[in-house]
Amino acid sequence: MTVTGLRTPAPGGSAAPAAPRLRWPGLRMTWLFLASRRVPATLAALALLGLVMRAALYWHWTLGSRGAAAQAVPVLIEAGAAAVIAISTYSPMGEPERATGRWLPWLRLAAAAGLTGVAVGALAAGAASAAPAGLAGGSLDLLRNVAGLAGLGLLAAAVTGGLLAWVGPLGYVMLAEIGLVAGWGSPLLWPGRPSHDLGGALCAGLVFAAGLLVTTVRGARDPVHE
Amino acid sequence: MTATQLPARPRAAALRPPSGGTAWRLLRLELRRSPMPWTFPLLAALFAFDPYRTAMGYPAVWTIRASVLPNKMLPDFVVFVVGIAAWVGSRDGRRHTLDLVEMTPRPRWAGQLAAWAATTIWAIVAFLAATAVLYGVTAAQATWGGPPWWPVIVSCAELAALAALGFTAGALFPGRFTAPLAAVGAFVLSLEGFNNAVGRSSAFAVLSPTTYVPANDAGVFYPYPPDVAIDQLMFLAGLTAVVLGVLGLARSSGAGPGLRRGVAVLTAAGTAAALTAVGLAGTARQALPGTSQPPSATAPLSMQAPWVIPALHDAASDQPRPYTPVCQTVAAVPVCIHPAFRIYLPDVAAALGPVLRVVAGLPGAPVRAGQVASGSLVPRSGQVNVGGLPAGEISGTPPAFSYTADQVPARAFAESRGMFITSLQAALVGAFVPAGVSQPATGAPAVPDRRTAPAVAPRVAVQEALLIDVGVPLATQRKQGLIAVQLPSALQAQADIVAQRFAGLPAAARHAWLARHLAALRAGHVTLAQLP
Chain A
7 MTVTGLRTPA
17 PGGSAAPAAP
27 RLRWPGLRMT
37 WLFLASRRVP
47 ATLAALALLG
57 LVMRAALYWH
67 WTLGSRGAAA
77 QAVPVLIEAG
87 AAAVIAISTY
97 SPMGEPERAT
107 GRWLPWLRLA
117 AAAGLTGVAV
127 GALAAGAASA
137 APAGLAGGSL
147 DLLRNVAGLA
157 GLGLLAAAVT
167 GGLLAWVGPL
177 GYVMLAEIGL
187 VAGWGSPLLW
197 PGRPSHDLGG
207 ALCAGLVFAA
217 GLLVTTVRGA
227 RDPVHE
Chain B
72 MTATQLPARP
82 RAAALRPPSG
92 GTAWRLLRLE
102 LRRSPMPWTF
112 PLLAALFAFD
122 PYRTAMGYPA
132 VWTIRASVLP
142 NKMLPDFVVF
152 VVGIAAWVGS
162 RDGRRHTLDL
172 VEMTPRPRWA
182 GQLAAWAATT
192 IWAIVAFLAA
202 TAVLYGVTAA
212 QATWGGPPWW
222 PVIVSCAELA
232 ALAALGFTAG
242 ALFPGRFTAP
252 LAAVGAFVLS
262 LEGFNNAVGR
272 SSAFAVLSPT
282 TYVPANDAGV
292 FYPYPPDVAI
302 DQLMFLAGLT
312 AVVLGVLGLA
322 RSSGAGPGLR
332 RGVAVLTAAG
342 TAAALTAVGL
352 AGTARQALPG
362 TSQPPSATAP
372 LSMQAPWVIP
382 ALHDAASDQP
392 RPYTPVCQTV
402 AAVPVCIHPA
412 FRIYLPDVAA
422 ALGPVLRVVA
432 GLPGAPVRAG
442 QVASGSLVPR
452 SGQVNVGGLP
462 AGEISGTPPA
472 FSYTADQVPA
482 RAFAESRGMF
492 ITSLQAALVG
502 AFVPAGVSQP
512 ATGAPAVPDR
522 RTAPAVAPRV
532 AVQEALLIDV
542 GVPLATQRKQ
552 GLIAVQLPSA
562 LQAQADIVAQ
572 RFAGLPAAAR
582 HAWLARHLAA
592 LRAGHVTLAQ
602 LP
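In order, the protein sequence lines correspond to chains A and B.
For the record, in the first sequence the residue sitting at position 160 is 166 according to this note's numbering, with numbers rising by one throughout.
For the record, in the second sequence the residue sitting at position 282 is 353 according to this note's numbering, with numbers rising by one throughout.
If you're looking for bench data, these hints aren't it; they were derived computationally from the structure.
Heads up, a few of these hints could be off.
Reference listing, derived: stretches of chain B covered by chain A, where coverage requires no fewer than 3 residues with Cβ under 8 Å from a Cβ of chain A [to be verified]:
#1 113-119
#2 145-154
#3 259-268
#4 576-587
Pulled a few chain B residues facing chain A out of the computed Cβ check, cut under 7 Å [unchecked claim]:
#5 P251
#6 A254
#7 V518
These numbers were taken from a predicted model, which means no experiment stands behind them.
By construction, the Cβ of each residue, glycine as well, lies at the ideal position given by its N, Cα and C atoms.
Using the sequences and the accompanying hints, generate a full structural model.
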């Protein structure tokens, strides 16, 4: 007898026990997905970065009160938030999860977009609690920077794997810091552009969209050694 | 044989360093599996855009070019060295292989030291490669002196300390977020250190290797004192030992007492070294170059003056470095410059020549012009200053004009050859006809009060006229702030009119008037109305 002949239970054999029916299977799946991505720890890390942002503005860790020098530390913290989001794409399950998860792409999309929103909120709250005026570039600046940097992180995760994806946003932000100080005006270095600049916003938005797309369709790379 | 018959576990070995062959094999394994080389392309791009580009914008003088190593290159390395070190340090914890690796015959700490050393070695290799490029290009451009090695040594020590901090953070908190958070934290700390060093919030800020750009002629006229570099090296080496010692104490609980004792000794020695360095940093003070003397009212300090630490100071650092100036005769006046700035001699001659021709034969006209160390000029009221210090002075018998390298153009600070020439001309004019008011140490223009302003205005007018005569129009004088006096606006307007009228006189008439009235003008006994 081969497995191809198994259509009904053998006569006299006991039927396989039915799997317990879950009351909220979608909710449970979502929770398992979030837990596998360490989303609670990611939220804690983002909250920590919000506090760091508050401390940086409150104790004036910036190199100046205005202009590029004032943005150096906030942009770095924004890159840290983007790095944390990128790392959250790592999954310890790998191939089995891909093979069975029909909703996986949508969960990846929702997690990446949601965490980016949380990051913007946490950093904006940290900035607003430190100074009524908030960041020098305003909330739009923060939104653009975090979204663009998170997009870079998501793209890096597709190349290096989730755990090393922090290299992408942090490497980019080092270049951006140089551009900030040197006064480079390229929209590709959007952290150095004014908050109302269309070119910078477009570049950041495109990178974020590309990052979301790659994460949704493909997810982070699974390095074999991790 | 049953388990009960097994001999008792032998006592853990005393501190027994791995044999050379084992240690080398371990290090070679770690060097091969280190992810640090993967960051080299990114580090190379950062080097090209930041330290190299900045250094090429500085004058080709060794000390100022070498300042980009701690000021620019180290901050670029911080993120990657700390992040990768934390990544390597958290490897066993992340992969849940701690139980496996702790069973090996060698103490786990030895394996961790090998992993830390591999990360550090790769970081230092990248740093030295970039330094070799920078020094190689500078060697081809510099006309005097040799490469300073203290910035290289201190930078390598900081890389080792950063790697130790990142590695220990990764080993003690092996989470997936440790690497980026450690990297961001280290970079924020680095920026904060730089912020304090530039702002001189306290003497302890000298512990930050990342600091302000030294004077253009640092290390040229006098050796750059290594006091602070020695202190920083002591601090960073101590910090590295403490951090690795803490890791050893946390990870050597299963090892023998010898190892634990060794780790404790290492930690104690590191703590002692770091605390000593902190204590010495508290005694640091800026000093006049070549004197190790504190500033005084008559000899204030340049912002970029070197720091000395009395306990570490070597009197040999105060001895001037011998050199033979290079000279060119202009308007029958020899104009000399230090050989380190030889390439600027044509510009200096082009700048001073026209002014020397205008003032030739007048009382107090210089018969020689030469470069002196930055910060060595004694401030006198009414001179054109750079950052609160005189840019030039005329002194001695026969009178000689002395200028400093402060105005040497640095493209990195958006300074051009044209600005260099006009600022030198303004320095000579300001020294020849001092305006008679003191400029604040901040370098802001001097503002005479209502009582003295009328006596100052004629001297300002003559300064302006002489600069107009050598081809620097009033608009350029204003734009570049060449006249370091801010008169009341109505008086300034009158002075400008008089200056243009005086500059419009025939050269012979102007020369004759100056020959007769220069002494009275300098003494403040000439009014605007008396100027022709």
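How the hints compare with the structure:
1. 113-119: holds (count 3)
2. 145-154: holds (count 4)
3. 259-268: Result for this restraint: holds, n = 5.
4. 576-587: This one is violated; 0 residues, fewer than the three required, reach chain A with a Cβ under 8 Å.
5. P251: holds, 4 Å
6. A254: Since the shortest Cβ distance to chain A is 6 Å, the answer is holds.
7. V518: Check failed: Cβ of B/V518 comes no nearer than 25 Å to chain A, outside 7 Å.
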